[in-house]
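Q: All chains, please: the whole structure from these sequences, using the hints.
Protein chains: 2
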Amino acid sequence: MKNPIDKLILNRVSWLADCGPDDDIAISTRIRLARNLKDTPFPLAASEEVLQKSVLAVQLASEKSKSLKNPFFMDMQDLSDLERAILFERRLISLDFSVRPRCSALIVSQHEDLSVMINEEDHIRMQAIHSGLQLLDVWDRINKFEASISDQIPFAYDQNLGFLTSCPTNVGTGMRASVMLHLPGLALANQVKPLIQGINKLGLAVRGIFGEGTDNLGNLCQISNQSTLGESEVEIIKRLEMVIAQIINHEKNARSKLLETSKNLLLDNIGRAYGLLKFSYIISSKEALNSLSMLRLGVDMGVIKTVDIHTVNELFILAQPAHLQKYAGNALSQAERDEIRANLIREKLKKNN
Amino acid sequence: MKNPIDKLILNRVSWLADCGPDDDIAISTRIRLARNLKDTPFPLAASEEVLQKSVLAVQLASEKSKSLKNPFFMDMQDLSDLERAILFERRLISLDFSVRPRCSALIVSQHEDLSVMINEEDHIRMQAIHSGLQLLDVWDRINKFEASISDQIPFAYDQNLGFLTSCPTNVGTGMRASVMLHLPGLALANQVKPLIQGINKLGLAVRGIFGEGTDNLGNLCQISNQSTLGESEVEIIKRLEMVIAQIINHEKNARSKLLETSKNLLLDNIGRAYGLLKFSYIISSKEALNSLSMLRLGVDMGVIKTVDIHTVNELFILAQPAHLQKYAGNALSQAERDEIRANLIREKLKKNN
Chain A
1 MKNPIDKLIL
11 NRVSWLADCG
21 PDDDIAISTR
31 IRLARNLKDT
41 PFPLAASEEV
51 LQKSVLAVQL
61 ASEKSKSLKN
71 PFFMDMQDLS
81 DLERAILFER
91 RLISLDFSVR
101 PRCSALIVSQ
111 HEDLSVMINE
121 EDHIRMQAIH
131 SGLQLLDVWD
141 RINKFEASIS
151 DQIPFAYDQN
161 LGFLTSCPTN
171 VGTGMRASVM
181 LHLPGLALAN
191 QVKPLIQGIN
201 KLGLAVRGIF
211 GEGTDNLGNL
221 CQISNQSTLG
231 ESEVEIIKRL
241 EMVIAQIINH
251 EKNARSKLLE
261 TSKNLLLDNI
271 GRAYGLLKFS
281 YIISSKEALN
291 SLSMLRLGVD
301 MGVIKTVDIH
311 TVNELFILAQ
321 PAHLQKYAGN
331 ALSQAERDEI
341 RANLIREKLK
351 KNN
Chain B
1 MKNPIDKLIL
11 NRVSWLADCG
21 PDDDIAISTR
31 IRLARNLKDT
41 PFPLAASEEV
51 LQKSVLAVQL
61 ASEKSKSLKN
71 PFFMDMQDLS
81 DLERAILFER
91 RLISLDFSVR
101 PRCSALIVSQ
111 HEDLSVMINE
121 EDHIRMQAIH
131 SGLQLLDVWD
141 RINKFEASIS
151 DQIPFAYDQN
161 LGFLTSCPTN
171 VGTGMRASVM
181 LHLPGLALAN
191 QVKPLIQGIN
201 KLGLAVRGIF
211 GEGTDNLGNL
221 CQISNQSTLG
231 ESEVEIIKRL
241 EMVIAQIINH
251 EKNARSKLLE
261 TSKNLLLDNI
271 GRAYGLLKFS
281 YIISSKEALN
291 SLSMLRLGVD
301 MGVIKTVDIH
311 TVNELFILAQ
321 PAHLQKYAGN
331 ALSQAERDEI
341 RANLIREKLK
351 KNN
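Residue numbers (the working numbering), protein chains in the order written: chain A, 1 to 353; chain B, 1 to 353.
Calculated directly from the structure, the hints in this document are not laboratory data. Don't take every hint at face value.
Intra- or inter-copy, both count: the list cannot distinguish identical chains.
[Claimed, not checked] Using 25 angstroms as the maximum straight-line C-alpha spacing, the simulated DMTMM-like pairs for lysine to aspartate or glutamate come out as follows:
| hint | residue 1 | residue 2 |
| --- | --- | --- |
| 1 | Lys252 | Asp137 |
| 2 | Lys257 | Glu336 |
| 3 | Lys7 | Glu235 |
| 4 | Lys263 | Glu336 |
| 5 | Lys263 | Glu347 |
| 6 | Lys350 | Asp300 |
| 7 | Lys7 | Asp24 |
| 8 | Lys201 | Glu336 |
A: What follows is the structure in structure tokens.
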């Protein structure tokens, strides 16, 4: 029988392949909810027995949920380091979850649009993710799933505080809604730094592609709500959506202005990136991400017509270390990865042509 | 009637288009002879009347020569600065000749393989140029032409010294034989500097693409004899040929070794250069020359199969400032040249594909 990771990789990833609103700038929308089982110690304080019981309870509840059909179930301890790293690179689990497998497990829908980490710092971290900017739809999806399992496993809840979580920053709604934005226009116009400062002042968080503390490589950044208390989920989402819509407008304006005032500089940046991806034999992760960003801009703006956006989206995922090692079939040194990465990108762009 | 420069540009340039021995490394072989008219003041000391008489005498003698059929004749003062710069970029005249038009003229064969500068620092500077390494053939060509005009216009000659010239470094044979080599393999292996030192010790001169004092941009260098006294022309040529053959061997070995020990690094250098030339919209002269060098290496080694060597050779000439302005039809700032250069290169590589 095939390993679940191998099966997962062969399936279509809906948030990469499908089209969502404004997906030229908003790559994906993700909402996660943190929940804990009632009257049960939080995972970091729980015994192995309790952890195992929690896994089983969540697994059973998920199996009965109508929101999740034929999902993959993976025991983290059954997976290799590489396989867990792949799940991390696919944005299905957190870094901590990938590095420290305790009695923890993952449930993932066939196309990766819904997933549940069991025994991360909370018993349950469920997330829904779609292409483009569609916060209310994603909220609807995860909210329905949450309701479908809460019938079977009561959550730790306080009348005044709301849902209780391991870390106080999540208490209340337990919700983190985030949108991954691709902002190469603002980056070329040197407007990303002031933008980030402005967003922070609005009480929202800006992070790089792999969450807290990561750079905004590839001109990608995730914008999410900071606070989880004092507002309803829909209020939080609507406020976030308004800000994101404004940023998308800024990015669109920056692109138009570049096209108007420095067209050749823009075409040069895009062309050089495309040439590099198409013909290089050694490429670092950073150079690949930044070049893919420029290529995506070229595709979005209709400058590059021989590549489709889904190939570029996919390469952002596939060019990462664990995926490269999976592709190569063995562990790779950094130098080897830089070669395999270049090979993979060349092949994908050739096929796409 | 069309300007002679316009006609010249439309003709095939034989040393760029034809194939010569070892032309993957030896781009061209050139021999020039310096001659002065007997009992006539050297150009720098001559009156305008004398200069005009010299032009006429050389022109008439050339017209009767069987070695030069239907050549172009150009009075330097009739040409614009741009047109003279084009002749310089095509390696038909010296920088001094292009910048300071006195009573000077140029005779050029239809395919630019034979040319005569009249009233450079000597009355006559004749050159023959062919593709590849073929010193004896080129010598034969220029020697026959020299003989054909010497019947009609006696040269300043001294029994002991040989031919007399304006600058003492040319006295004797008046010959400078040079081979333009493309040495990207040795450059990638950091072996160009020691090579140049070694060549200098052998009494040969190494210069960049545009003669004395110019860099070896594009990994191109010209190797030529220094001394013109005490040996016959054929002795000088045979000694030069021996050294050049050795350098060609070194370059071949460097290429094989790179292919053996650092194949991906080599392919990466070539691929990046190709990608840059194919897709950039702004490219400086230096970046273009160095990228064309790597592309030529790729074509020579069979790595790049979609471009032919003559297109690359031609681009080395066409990507220069004066040619770009001719191509654009008007004077260009440096920034404009960088854009037109990128356009031209993209177009040529697309057509070639």
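Q: If you check each hint against the structure, which ones fail?
A: Of the numbered hints, 3, 7, 8 do not hold.
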